[in-house]
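Undergrad: Now for the letters of each chain:
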Amino acid sequence: MSPLRRLHGAARRLFGLLRRAEDERSMQEEMRFHLDQLTARHLASGMSPEDARRRARIEFGGIAGHEEAARDALRSRLVEDLVRDLHYGWRSLRRHPGFAATTVLTIALGIAATVTVFTVVDSIFLRPLPVPHAERLVSISFRRPSGREDWIGSLGARLLRTRVSAFDAVVAHDSREVLLVSGHGMATERFGAFVSPDYFAVLGVTPYRGRFFLPSEDSVPDRDAVAVLGYDLWRTQFAADPGAVGEHLQVRGRDVTIVGVAPPGFIGISIGGAPNDLWLPTMMLGVMGNACLGRPGCRDAAGLARLAAGATITQARQQVQALSAELGAAAFDHDTTPRITLAPLRGMATDQRSDYTALAPLLAGIALLLIVIACANVGGLLITRGLSRAPEVALRYSLGADSGRVIRQLVTENLLIGVGGGVLGVLLSIGGVRALMGFFARDSEGFPHFFYLSLDSRVLLFALAASLATVALFGVLPAITTSRAALAHHAAQSRLTGRRRGRLALMGAQVALSLTLLVGAALMVRSFLALMHRQRFDVSHVALIRLRPEQIHYDPQRAQRFLRQVVSRLAGMPDVTGVAFGRGRGFLWDEGPTTLPLGRTGSDTSLLAYTRFISPGFLATLGIPLLAGREFTEADDPAAPRVAVLTQSVSQKLWPAGSALERTVILGGKAFRVVGVAADFAVHPIATSAPPVVLVPFWQQAFEPEVDARLAVRVRGDPAAALPRLRRAISAIDPAVPITELMTFASQVDSNNTAVHLGAAVLLAAAAVALFLTGLGLYGVITYLVARRTREIGVRIAVGATPRRIVALMLRQGAAAILAGGAAGLVCATFGARFLAAYLVGVEPGDRIAFAAALLAVGGVACLASYVPARRAARIDPMTALRVE
Amino acid sequence: MAEPAQRDDVLQGTLDMLVLKALSLEPMHGWGITERLQQWSRDVFQLNQGSLYPALYRLEHQGLVASQWRTTVHNRRARYYTLTVAGRRRLAAEQRSWARASTAVNLILAVDTP
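As they're listed, the protein sequences go chains X and E. The first sequence lines up with residues -3 to 881 when you count with our numbering. The second sequence lines up with residues 7 to 120 when you count with our numbering.
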């Protein structure tokens, strides 16, 4: 049989099923041949055809029994073969630990990148809630022509509950309210939800203690002040006391009775938002200042429905659509027929996704590049390995092994690598997911956000599929080429040249992709550095605390007295080196509601400035450089003339030539004397230039009667460790005043810059992996090329070539591919950088330094990866080399 | 074709050895093996012909024989079995141990008892 036909047959027999069918056919044909021969002999001895056939069957014996016995023999052979192949594969991999480790690691990195991105994207966009019948939950909302979403309100929910038969429950909920919870020895801010009574039943939770809400408790606005505690709040604040049910708490100053405790692990449904700690009926939304409850036009809550068993979302859509006029009347209080959308409840609420939508394609793109690089590497590694063992395989053929058997053995070995890489990849991805989501764990006010991130069966299935695809691509093909190479061994060395070119092309592609990733990473790192550099404050030893006495309805005098007490008490603490504060809202980044026209005269309103209300010593405490003049003192009180400190950019805009000091600015129609100029300190992450900022004294503002202050406390040592002490010191003055957003300055800065920070971190990690893989791949190729030319190099050395010339000769082999890859990479990077433009701060997408740094890194790695094996070639001993083969 | 005086089943456990022996001369298909065994045993052994195939697959798996599809002189496709080096070695070993055992059995049966 020709080698080609053998190969063809072998390929078909690759898998057990195909093979079994082949065995079966072959067995039957063989037995039929035997019976025919017997019959023919009896015919020849003069029997009638019928007798001959009968006689043959008798002599052959029960054919079904023989077939069964034969099948048994064949089956046990398959299992034994597999065990033997696994054993052999394991031994063969152990003989080449470098190859095995490299390949497994490469596959693992590729799988880890995919699984990480898949898990993150899955939990943000796709994953249903971990509750019973999650697949039947749909969210219902209005969509304005502008694309904005609007809640349907509890009236809308009530309408749907009674009129839509495709739903068996409709829940109204407002799941993200910050509630000041006080009483029972605490005053903290917690995320709470206002929900209709069927909320708990639809989500399949049962009370851990007490009960949930009765339908009557959600029927009259502001009447039934009842609350359900979250398990964690109950455990930490009530020491898990069963007597907590029946106790009272204050929610934003309103007295409520605890009627029940939610089960452990239940934290509401606001994926990507903060976990809920407390639930109240929707009719208690009055504590949030909501005055329209129960009246048309009050879009006070979001709608969530459960499809009735057997109903489809399409039926529900039709039924809801038919009610759109009535819904509009209930929700908008005037003649509006809004567009209504029903969507399966998956991932984050759609109106919260905007922060993440830009992220998904970026992550997916990076993962894709990494996978392509990993695949190129694995393919190259396996092909090289396959070629290098061609002699071994050829030997096995000559000893009588059939090609199917040989290929199966090679596939089994590659399967081991693939599965090993898959398992390691999944393990790596657990760390990857954790690292990635760490960026989203807290918002800039210190509230935790939650995502369901556990690796579920779908993710594992995905990883398995990805591993199997890798094996199919890079296990089966190289196995067949190896087999073919073995058959062609001795005869067709020249044919391998084509494959060498293929490998070099793969290398060029890898160089190009790594360069693209590296340019991206360099741009993001430059952005991040620019962001850090432009943020002209020293975050290292500062703790932040937000005090909100206005939330418990302190009058302005009492609140201000309290704030002064806190400042002097904290300043007296031994490890505190500075205390200052600014108004809570619009502290440093928040654009806040207060942009005021600013100019040299009342009619000059060309600038709109953000106004920051700050205490004496603010600039010194935060380490913001004061460029001229002074900062505020205690003397700048309401009785003194109004003063202001300008930031440098504002000062230069208003007085391009001279100094702004002692001049007068008109801010919001009032005159302020400029007493100082500070550096531009804060940068909005995405904005291209520093926004104009004017600083005015907190104590001088008559229009700031309430106190909502963010304290900045500079301490010696770790600010995180100082937080509990600071909290105790403040509580000692007045335990009733809520202390919130207790965090380090550094973590607030980080969460504010999440987009840039995350982009830089992910791209840097990806680029490092890509660079590593490319280096590995190049090293592998050059090593292989050197090995193939060992004899030639030996001859060259023998006839007097210097080591330097040998090194140059070897380097030249890869140089063309590397240079071509580099050029292609520059083109790719130029286009790719445009996608990053939205994340770049202070750098152009075509930034020369970023490109130069990336080129340098790729070039360095390429040189090193080629030089090491080339250098080894120069050390070849000609005598040994000439004896090869 | 003359009826033989008496026909026996192949002795338990000896089928493998007989198949290896049958193949020791030249590669052969299953039918050929039964023919040869009957002929060599002067038609004493009545091989249960179908039971040959499970035995052949077992031997192939043990690496004692190898198989290949070929065309017969009458232009039919048939699977030919070849004795491998390992098979030849095994046959020699089995023949030696068979000779020892049958000598011993003959000695015992030759003892005269009343």
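These are calculated hints, taken from the structure and not from any lab test. One thing to keep in mind: the hints can contain errors.
Claimed, not checked - Chain E residues, not near chain X, derived (Cβ > 10 Å throughout):
id : residue
1  : 33
2  : 40
3  : 45
4  : 49
5  : 96
6  : 105
To be verified - Label-pair distances were calculated between CB atoms; the ranges are:
id : chain 1 : residue 1 : chain 2 : residue 2 : range
7  : X       : 79        : E       : 20        : 49 to 59 Å
8  : X       : 43        : E       : 75        : 51 to 61 Å
9  : E       : 49        : X       : 45        : 20 to 30 Å
10 : X       : 43        : E       : 45        : 12 to 22 Å
11 : E       : 45        : X       : 45        : 24 to 34 Å
12 : X       : 387       : E       : 69        : 16 to 26 Å
13 : X       : 461       : E       : 20        : 45 to 55 Å
14 : E       : 76        : X       : 461       : 36 to 46 Å
15 : X       : 90        : E       : 117       : 56 to 66 Å
16 : X       : 45        : E       : 20        : 28 to 38 Å
17 : E       : 111       : X       : 84        : 38 to 48 Å
18 : E       : 20        : X       : 387       : 35 to 45 Å
19 : X       : 17        : E       : 76        : 40 to 50 Å
20 : E       : 111       : X       : 64        : 32 to 42 Å
Virtual Cβ for every residue (Gly too), placed ideally from N, Cα, C.
Undergrad: Taking the hints in turn, state whether each one holds.
TA: Quick rundown of the hints versus the structure:
Every C-beta of chain X lies more than 10 Å from that of residue 33 of chain E, the closest at about 12 Å, which supports listing it as non-interface. A Cβ of chain X approaches the Cβ of residue 40 of chain E within 10 Å, the least distance being about 8 Å, so the stated non-interface status is violated. Remark: the non-interface label on residue 45 of chain E is consistent with the geometry, its nearest Cβ contact in chain X lying 12 Å away (cut-off 10 Å). The claim that residue 49 of chain E lies off the interface holds: its Cβ sits roughly 12 Å from the closest Cβ of chain X, which is beyond the 10 Å cut-off.
Distance check on residue 96 of chain E: its Cβ is at least 15 Å (rounded) from any Cβ of chain X, clearing the 10 Å threshold; non-interface status holds. With a closest Cβ-Cβ approach of about 28 Å to chain X, residue 105 of chain E is found to remain outside the 10 Å limit, as its non-interface label requires. Between residue 79 of chain X and residue 20 of chain E the CB atoms are about 30 Å apart, so this pair departs from the stated range of 49 to 59 Å. Our hint of 51 to 61 Å for residue 43 of chain X and residue 75 of chain E is violated, since their Cβ atoms are close to 30 Å apart.
For residue 49 of chain E and residue 45 of chain X, the hinted distance range of 20 to 30 Å is satisfied, since their beta carbons lie about 24 Å from each other. One distance hint, 12 to 22 Å for the beta-carbon pair residue 43 of chain X and residue 45 of chain E, holds here, with the actual separation near 20 Å. The beta-carbon spacing between residue 45 of chain E and residue 45 of chain X, approximately 25 Å, falls within the hinted interval of 24 to 34 Å. Evaluation of the 16 to 26 Å hint for residue 387 of chain X and residue 69 of chain E yields a pass: the beta carbon distance comes to about 22 Å.
Judged by the Cβ atoms, the range 45 to 55 Å given for residue 461 of chain X and residue 20 of chain E holds: they are separated by roughly 52 Å. At about 43 Å, the CB distance of residue 76 of chain E to residue 461 of chain X agrees with the hint of 36 to 46 Å. The given range of 56 to 66 Å is respected by residue 90 of chain X and residue 117 of chain E, whose C-beta atoms sit roughly 59 Å from each other. Under the hint 28 to 38 Å, the C-beta atoms of residue 45 of chain X and residue 20 of chain E, about 35 Å apart, fit the expected range.
The hinted range of 38 to 48 Å is satisfied by residue 111 of chain E and residue 84 of chain X, whose Cβ atoms lie roughly 42 Å apart. Our hint of 35 to 45 Å for residue 20 of chain E and residue 387 of chain X holds, since their Cβ atoms are close to 41 Å apart. For residue 17 of chain X and residue 76 of chain E, the hinted distance range of 40 to 50 Å is not satisfied, since their beta carbons lie about 22 Å from each other. Here the CB-CB span from residue 111 of chain E to residue 64 of chain X is close to 33 Å, well matched to the stated 32 to 42 Å.
Taken one by one, the earlier hints fail for this structure at numbers 2, 7, 8 and 19, listed in ascending order.
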